[in-house]
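So the protein sequences, as listed, match chains A and B. End of the first sequence sits at 370 in this note's numbering; the numbers just go up one at a time, nothing left out. End of the second sequence sits at 833 in this note's numbering; the numbers just go up one at a time, nothing left out.
Since the hints were made in silico from the structure, they are not lab data. Since the structure is predicted, the reported quantities are computational estimates derived from the model, not experimental observations. Ideal Cβ placement from N, Cα and C applies to all residues, glycine included. A portion of the hints provided could be inaccurate.
[Claimed, not checked] What follows is a set of in silico ranges between Cβ atoms, one per label pair, in the way DEER data are often shown:
1. 331/A with 708/B: 14 to 22 Å
2. 398/B with 212/A: 22 to 30 Å
3. 345/A with 669/B: 55 to 63 Å
4. 143/A with 681/B: 45 to 53 Å
[Stated by the list, open to error] Covered by chain A, per the in silico footprint, the following chain B stretches (three or more residues, Cβ under 8 Å):
5. 278-289
6. 372-380
7. 465-476
8. 511-523
9. 527-538
Listed here are the chains, written in short residue letters.
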Amino acid sequence: MFAYIVRRLLFMPVVFLGVTLMVVLLLQLLSPAQRAAAFVRSDAQLRNLDAIIVQYGLDQPFHVQYVNWMREAAQGNLGYSTASSEPVMDTIRKRFPASAELALISLIPVLGLGIWLGTLAALNRDKAIDQFARVFAIVGWSLPNFVLAIWLLVIFYGALGEPLREFAGGAFRLEPGRVSTSVNIEIANGNFPLHTRFMLIDSIINGRWDVFWDALRHLVLPVITLAATSSALIMRVMRSSMLETLSQDYVRTARAKGLPTATVHYKHARRNALIPVITLSGFTVIFLMNGVVITETVFNYPGLGRWFATAAVNLDYPAVMGFTLLTAFIVVVGNLVVDILYALIDPRIRYG
Amino acid sequence: MTRLIWAFTMIIIAGALAFAFAQRDTFVYQTPFPVDSLDPAQAYDTASGVITENVFETLYDYVGESVTEFQPALATSWTASDAGDQFTFTLREGVSFHSGNAFTCADVEYTVKRMLVHNPSDSGVWFMAESFLPTQANANAYLGDDATDADYAEYWQWIDNAAVCADDFTITFNLIGPDPAFFTKMMSNVAAIVDRDHAIANGLWDGTEATWRDWVGVNLRDFALHNNPSGTGAYRLVDWDGSTAVLEAFDAYWDGVPPIRNVVYEIVEEQSTRLLAVQAGDADRIAVGDRATLAQIRGAPGVTIHEDPSWVSTTVGMIFFNHNINTTDNPDVGSGMLDGRGIPANFFDDADARKCFAYNFDQDAFIAQVLQGEGAKLTMGLPTGFLGYDPDLPMYNVDFEAALVHCEAAHGGAMWEQGFEFTATYNAGNTTRQAALEILKDNIEFMNPAFRMNVRALSWPDYLAFTDEGKGTMFALGWAPSYADSDYFVHPFYHSEGFYAGRTGINDPVMDDLINQARLTVDEAEREALYSQVGQRAYETMPMLPYPSPTTFIVTRDVIEGVYLNAMYSGQFLWKDISKR
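One chain only, chain A, in its complex shape:
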């Protein structure tokens, strides 16, 4: 197992080299003037387009640009992102915790709802609950994220925002952003130190339950949006896996020897049925980390997805490269974690 992990980690630089080379090659399909667009924010700046190309070395051969980028990257400098107006590394350092927090919190309802509903559907095959779960899965999976996000925002922040707040005695309001403006001002003034940049953790470290609650209620709507989509997939896989497991001989044996139904279902069948779900949940985290562009944009959540969307549209290639590297890292590590979990859950699986 240890050797397997080391091998996978050693493979990581090759993956990085491959993906960055691919991105650089793709970017070379664009002319220097097109790539210079990242630095042109107003019509008036157009006048110096040629000088901008020279200043930022966009007219150099691709291998020179790539080698330069690699040399800087090796020293921890991934370049400057025009989309965030700061070094790429700074942006990743600030925004990764935000996206990770959103993804990890989302994972709770995603897995909880998906596994629970999938199990329930399988145990009640073709009954009303199963039909409901299947409809939920189809709607959840096919409903575009941005539609659901805007609906939620319009309903809970717009139409019901004030009534909800009044109903809760001023204590509850669902709103976009990561924290309230007053907390942002406290952070800017250094009155709320960011130790980990995970807002929930930092609020606990700082003993600020008010900020904990504030951050938590800001997470509600984006988490619902993400959970609706991703839990639908988990539910489908869980249902199929559970149905398949329930038809296995060992389940029949367990029933035959008189074990309680709940023990058969939840201890014997569901544990084995979870194996494909574990694999899928690893990919779900990766998806949640990288695929939350729309959710972060609509809910004004300052994560990586929102930054990357802006960067990609503006051909901010240091940002594109940096994000690609980070994604590759997350995918490699995510797969590794899934493999390890897989082995832990299923003792039959061993890595040589």
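Following the hints, put chain B in place on chain A, whose structure we already have.
Positioned in the frame of chain A, the structure of chain B alone reads:
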């Protein structure tokens, strides 16, 4: 255990109540536009200007909504030489920077010299440089790879001579020649006065001749003033994380502490989120993309839409005709010949062809349909209210009879007989430019079934590259002022050496002569007359077609008081002038 749960619940409810109401001392501005840089010598975008114009100050400033009346700011008086090539300012005493450093002439001198030394290619320094130097470019770009030490020494002399302190509070600017626009240039964001000692202490150029060559053309986003500015303005930057900027009232501000304590500039890309935020009271001001969207919040409780017919935008939108199209590998010219399936390179070099199009543009329909009835027609490529803008000049509007005359005469009658097909372009997402071209398309195709005009969108990067290569046949772009002088519009638009000439191939010696004359005279009345003549000439030759400018609006919460619109401010008003009930 129960007590513990109760205590925990009470703590979080108390915390929630603390955030439940909008703070009266905080102004939240939500906009989709990211800030580029807070260094005045680097920033050249509107979003950056919104912050820098509140953090920094210039020597003089505008009075209220006027772009032609000025009041003292960091200077208290000024004089200009008769020749218009030397300006002397008396500076205000008792002013402090946010760092605590005292403001003196050395800061003004440093500000001007550093901008000329750095002059990054993507900054707005070029228009300041042309006042002091024989070039708009920085030393490296101007002198080239073969430059000698003597060449650099000469360039340094121009810089060194540009700003000279007579004493701690008197500065003289020595220009390379007469520049009637210089005074207004000194009110641009680029000319905001930076804190010399703060800059040097934070590792920027030390202000000496010995090191200046190391700093030519550098990207100032890599240095301290990018996100650690120190100005004399009413607000000091507390933090900017690339997405949200937090500013605080400057307690030692020379003109009194402003009413609003905190300002938060927040990037919110999604418009529907901003619209909901202003209705919920979480935003005090929001940016709204277009007038059509206003219908969604007009009449909403707590929201005020500030608008006034006189608030005509100073951004001039233009439909450009390319008089010399680059037809090489250009899909927009079709066959490249006047055979009904394409257009030749010189298609728009024919004045009758241009006028044929100009008489097909329905200005009233544009105002009614695109600008929701709130806009103003332009007689020339100059904002209304700028010196020399002549509202009495004739203008083109839809007139099929007049159009027919020119359409039939264009290219010796061949255009009418053969017909044409070409594609006009705009940058994707700009619905105003799209609509302008489509109105033209509808009418021109109505004139003659053999006329075919396609309209396509290009992404911003593609659009830049395509027009830069001279391939745009007909394209829509705009031009916004960095300083309040007519030359900033007239030269780029109409001069054969102006900015757009490379994209339009425009070349009219008569026009060039008028613009050159206006550039050299300091007599305001003479300049006004010359710009009026430029407008007349533009009408006669129709080198390009200005489309109506929208009337600007500002969306705030109704508790915000003191809102006004000065077109020269990136944020329309300064935060120090508003208050919150």
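**Message:** Check the structure against each numbered hint from earlier and tell me which ones fail, lowest number first.
**Reply:** Violated hint (a single one): 2; every other hint is consistent with the structure.
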